Amino acid sequence: MFHLNGASVTYGSTVALDSINLQIRPGEAVGFVGLSGAGKTTLFRLLNGMVRPTRGTVQVNGNSLASLSLEELRQVRAQIGFVHQDLSLIPNLRVLHNVLAGRLGRLSLWQGARTLLFPPRSCVNEVYEILQRVGIPEKLYQRTDRLSGGQRQRVAIARALFQRPKGLLADEPVSSVDPARARSAVSLLTQISREEGLTLCVSLHNLELAREFFPRLVGLRKGRIAFDRATEEVKEEEFQSLYDLGAANGGGTSDREE
Amino acid sequence: MGGTSGADSIQPVSLRRGMGLRRILILIILGAGLWAFIQLNLTPADLIPNPGGLQVAGKFFSRALSPALTYEAEFVPANTQPLLWKAIQAAGTTVVFAAAAMSLALVAGLILGFLASTAWWVGDPAGGRSATVVFLRRSVAPIIYGSTRVLITLMRSVHELLWAVLLLAAFGLSHLSAAVAIAIPFGGTLAKIFAEMIDEAPRDVAEAYRGSGASSTQVYLLGLLPRALPDMIAYAFYRFECALRSSAILGFFGYPTLGFFIAASFENLHYGEVWTYLYTLFFLVTVVDWWSGALRKRFAV
Amino acid sequence: MSHLELEIQSLYRQRPRNHFVIWSGALLLTLMISSWFIGDFHISDFLSERHLTNLSRFLGELVPHPMHDQPFSLTLTIGWVGELLWENGLAATGVTLAISVAAIVLAGSLGALFSLPAARNFMAPDPFVASLSESRQGWGLLWSAAMWGTRAFLIFARAIPEYLWAFLFLAILGPTAAPAVLALALHNLGILGKLGAEVVENTESSGLSALRGLGASRLQISLAGLFPLTFSRFLLFFFYRWETCVREATVLGMLGIVSLGYWIQDARARNHYDEMFFLVLLGAFLVLIGDLISALAREIVRRYS
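Residue numbers (my numbering), protein chains in the order written: chain R, 12 to 269; chain G, 3 to 303; chain S, -6 to 298.
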């Protein structure tokens, strides 16, 4: 579904991503690990179509991003759900309205406004069902800022799901939540992706969670892929090398690219 | 200077310098004040009223706790409404003028505030706009922005009473000119503040909506504006309170708001009536002030 | 209706609704719309023949006097402007400026003082310490009364517009600059006192309660703890209110005191609309300068605090 070939993203003089080669098949669940600043967020923004590659190609579902017009790019974006680190919800709105906003990408301005202000019953039903799946159906009409952090995260996930996406990206969904909630959040993401056949990419700090839930792990270090293989095959030193701040590494395995 | 002098010797240097800076600043400000008083030829003697003024003051302030409940004139035409009813009516007119002015000011403030903000210039991070749009954005947008800012400044720099005087000279006594006189500077101020609030609103939701494929207009209206809206509404309410005060003062120019009756009763030496109207105004302003505070609390919660 | 929809309906009925906000909004909207029908605004009249001829006559009279029947001449304009400035314009501008500065300094110093007895945490029996019991009630009542008294005074000072205060003071004190200065100072004292009290109430009280724990008196806590913490914020409010004082000082002259407003009113009474217009522009120019200085001052305060 995602196919990156030598993709690089440069902001001015800063190289955020350097020659990324990556292939993700539809329905896969991949965990991304690495320090903040290693390029995980930029990579996700590439996958989402928010940023175009400065060099190389990025193909989402067969469409090369570089050649798309803005309109077409928006359609690509609408197919990928993104759960942000800071959740990006409107605090004083009800949960219902925050979730409904997920589908703006598929609606015109007029339809979008109408859906948000006077949501049709089918949409409300759908939102309710999604909230059931993430576990907070009774919060449908609650104000979002009255919810706990973990519940708000589920709202953000629900919003991404309401897009009816083909792929789901979650950027550091566990950083601001306590360990127990973190686990259930990641478990929820993987479970739903499996049930819906979504392609799932989650970036994490927590290596245990990454190892537990994801069959495939990609390590990022300073804008490059440090390793990309099945979880069982990743060695301990490779994990450690990600968190090495600039020191040259002994083994040759850590910098190998796929 | 009292309690702090003993502690001075053990404070870190930067804090001491900070305190020195503050003291210098205070001295400068007090000095400026002193200069101003000297410039105006004001001495403490000027604060003491002359015998005539003292009489007026005495008579006036002695009525503070006993405002008139009926007219104080010796002769009152038979079909005049009771005083209290007139006070309420005057208050009502004051509110009506202020509300009309605010409705105009809000419209102007929203439109001009949008044009004077830079938030709508922001392009898509992935680029991809046609060359015409990019060109328009680079050339036309700054012009719109600049001219709107100039217009707003001009609107704001003239006090509403001066606008009232100008419109009075142009059109004579007309209720519409009263509302417009308040609406112009208030619209300008609303526009400036709204623009600032929009530009400073957090962009997180807007970016998230963009990431799910929303168009730029959707992003602006549904993702950016709602983040700024609570503050904008709170400020607009504060402006409404100010509009009430300005509307009352317009009465001094002949409009049938509270100021007119205050001035008239004062000149007729009916000090009790003056206090009645004063308390009415005070009540009006306090109610709106309390209302706006209550709203702000509910909004924030 | 399916089971799902029944659940949704019951949730909908139980949803939290902010009645106060909704009714407030409806009331305000109704007010703003209906005001146009209640207020005798005669909008159609406005565009009538008579009004438009009046307007064009007025606009014609805005043209400076020397150039009424002649083509535009720069030297004449400059001469006319110079004359106006020399006669009254500059002096009046200076007076307006002085009034604004005198008033704001008075309001600022008194406002800072008054903000203390208006702040809840300052006036509490045990200042800046969150008290769990009202054990010293007799003492507390006195302080409490003092606090509410101060607040009432500040609210009253604020609620009455500056123009009104000036009108009253003018009758009592006579036509010097004093009524204007006092009126502006009193009104702004109310505002700065309230803002100051809010700042004091919102200050991080941990350091201050520590001082209290050491046995410091209210005076000592204010000077050592409160003052450094709140000075910058108060200064920002101070300069912001100065801007407003400049605007109001211009206009107060219309009551008969010698600021720009006096000459504006004077010109209007003599039907010299060109002079009046010029003086209004002069006032706007003064306001602009004041805004710039205030913005600069506030920027400096923000940078160095």
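Hints may be right or wrong, so weigh each one.
Which residues of chain R face chain S? A few of them, derived with a C-beta cut under 10 Å, are [said to hold, decoys possible]:
#1 Q70
#2 P148
#3 L151
#4 E206
Residues of chain R clear of chain G, computed beta-carbon distances all greater than 10 Å [stated by the list, open to error]:
#5 G17
#6 S19
#7 N32
#8 Q34
#9 S99
#10 A112
The set of hints was computed from the structure by calculation and includes no laboratory data. Quantities reported herein were computed from a predicted structural model and do not represent experimental measurements. Using N, Cα and C, we set each Cβ at its ideal position, and we do this for glycine too.
According to the definition I'm using, a residue is off the interface if its beta carbon is farther than 10 Å from all beta carbons of the partner; does G17(R) meet that for chain G?
holds (19 Å)
Determine whether the non-interface label on S99(R) survives the test: each CB of chain G must be over 10 Å from its CB.
violated (4 Å)
A112(R) and chain G, when compared Cβ to Cβ, separated by more than 10 Å:
Check fails; 6 Å does not lie beyond 10 Å.
Closest CB-CB distance from N32(R) to chain G, is it above 10 Å?
Label holds. Min Cβ-Cβ 21 Å, cutoff 10 Å.
Distal placement of Q34(R) relative to chain G, Cβ over 10 Å:
holds (22 Å)
Quick check for students: does the CB of S19(R) sit more than 10 Å from each CB in chain G?
holds (15 Å)
Please verify that hint: E206(R), Cβ, nearest Cβ of chain S, below 10 Å or not.
Violated, about 19 Å.
With a cut-off of 10 Å on the beta carbons, see whether L151(R) makes it to chain S.
holds (5 Å)
Given P148(R) as an interface hint, is the shortest Cβ-Cβ distance to chain S below 10 Å?
Holds - the Cβ of P148(R) comes within 10 Å of chain S, reaching about 7 Å at its closest.
Close enough to count: is the Cβ of Q70(R) nearer than 10 Å to one in chain S?
violated (39 Å)
Against the hints set out earlier in the document, violations occur for numbers 1, 4, 9, 10.
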